[in-house]
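Peer 1: Next come the chains, spelled out residue by residue.
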Amino acid sequence: EAQVTQNPRYLITVTGKKLTVTCSQNMNHEYMSWYRQDPGLGLRQIYYSMNVEVTDKGDVPEGYKVSRKEKRNFPLILESPSPNQTSLYFCASSPSRFPSSNQPQHFGDGTRLSIL
Amino acid sequence: AQSVTQPDIHITVSEGASLELRCNYSYGATPYLFWYVQSPGQGLQLLLKYFSGDTLVQGIKGFEAEFKRSQSSFNLRKPSVHWSDAAEYFCAVVNYNQGGKLIFGQGTELSVKP
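Residue numbers (the numbering used here), protein chains in the order written: chain A, 1 to 116; chain B, 1001 to 1114.
To be clear, the hints were calculated from the coordinates, so they are not data collected in a lab.
Please note: incorrect hints may appear among the correct ones.
To be verified - Among the chain B residues that face chain A by a calculated CB cut under 10 Å, a handful are:
no., residue
1, R1022
2, Y1032
3, Q1038
4, L1046
5, F1090
6, A1092
Predicted model only: the values in this text are computed from it and were never measured.
For glycine and all other residues, C-beta sits at the position ideal for the given N, C-alpha and C.
Using the sequences provided together with the hints, build the complete structure.
Peer 2: Written out as structure tokens, the structure is:
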């Protein structure tokens, strides 16, 4: 089954404790991205990657890092989490940077992070 | 700048009633538009998409949307709402000039009364 898998689904942690949210897709997609969802703001892109070792900033990259060492994995790293990073995070993938009529972006089920 | 606006934050309809969720976009070129639904605790599921051609697009779960270039709108409709349609709905446009980013509206939360 084609899917985007995020882990963990839920995490409560404290300010300053480094954490990583993993994202893995089994569709051999080149394009992957991270979004955060906040009430009243919809989803905003954090980082994206067009292929292995190719990453770029989205709209709200501050406080986040990513890496793309393998095609299937695109982890989101919070080196020193702060309470304003409390949010619902989604990973997405698509075959290329250009979602097409037959190949839209696939989303994971989300990771809810609470930073105390 | 490209943007998507969903004017209604929260809508309540009675089960069996018709539904229309509004979406307005601002985009210089031909927009590629999407509607996603997010059920509580779930990820985003694609309802339908518009890329070109017929401006009335059919999607899953009985939803449809109409692209109106003159009004910069892509409203989502359903003739008869079911209780299971209660969810949050997001309209989005893809920005090919910025790495294929999806630009989302703020979302509309739909409640369904019995």
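Peer 1: Tell me if F1090 of chain B is really an interface residue toward chain A, meaning its C-beta lies closer than 10 Å to one of theirs.
Peer 2: holds (6 Å)
Peer 1: Given A1092 of chain B as an interface hint, is the shortest Cβ-Cβ distance to chain A below 10 Å?
Peer 2: holds (8 Å)
Peer 1: Hint check: is the beta carbon of Y1032 of chain B less than 10 Å from a beta carbon of chain A?
Peer 2: holds (7 Å)
Peer 1: Can the hint on Q1038 of chain B be confirmed by a CB-to-CB distance to chain A that is less than 10 Å?
Peer 2: Hint holds; Q1038 of chain B Cβ to chain A Cβ min 8 Å, cut 10 Å.
Peer 1: Close enough to count: is the Cβ of R1022 of chain B nearer than 10 Å to one in chain A?
Peer 2: Check failed: Cβ of R1022 of chain B comes no nearer than 14 Å to chain A, outside 10 Å.
Peer 1: Against chain A, run the beta carbon of L1046 of chain B and see if the smallest gap drops under 10 Å.
Peer 2: holds (5 Å)
The structure fails hint 1 only (numbered hints given earlier).
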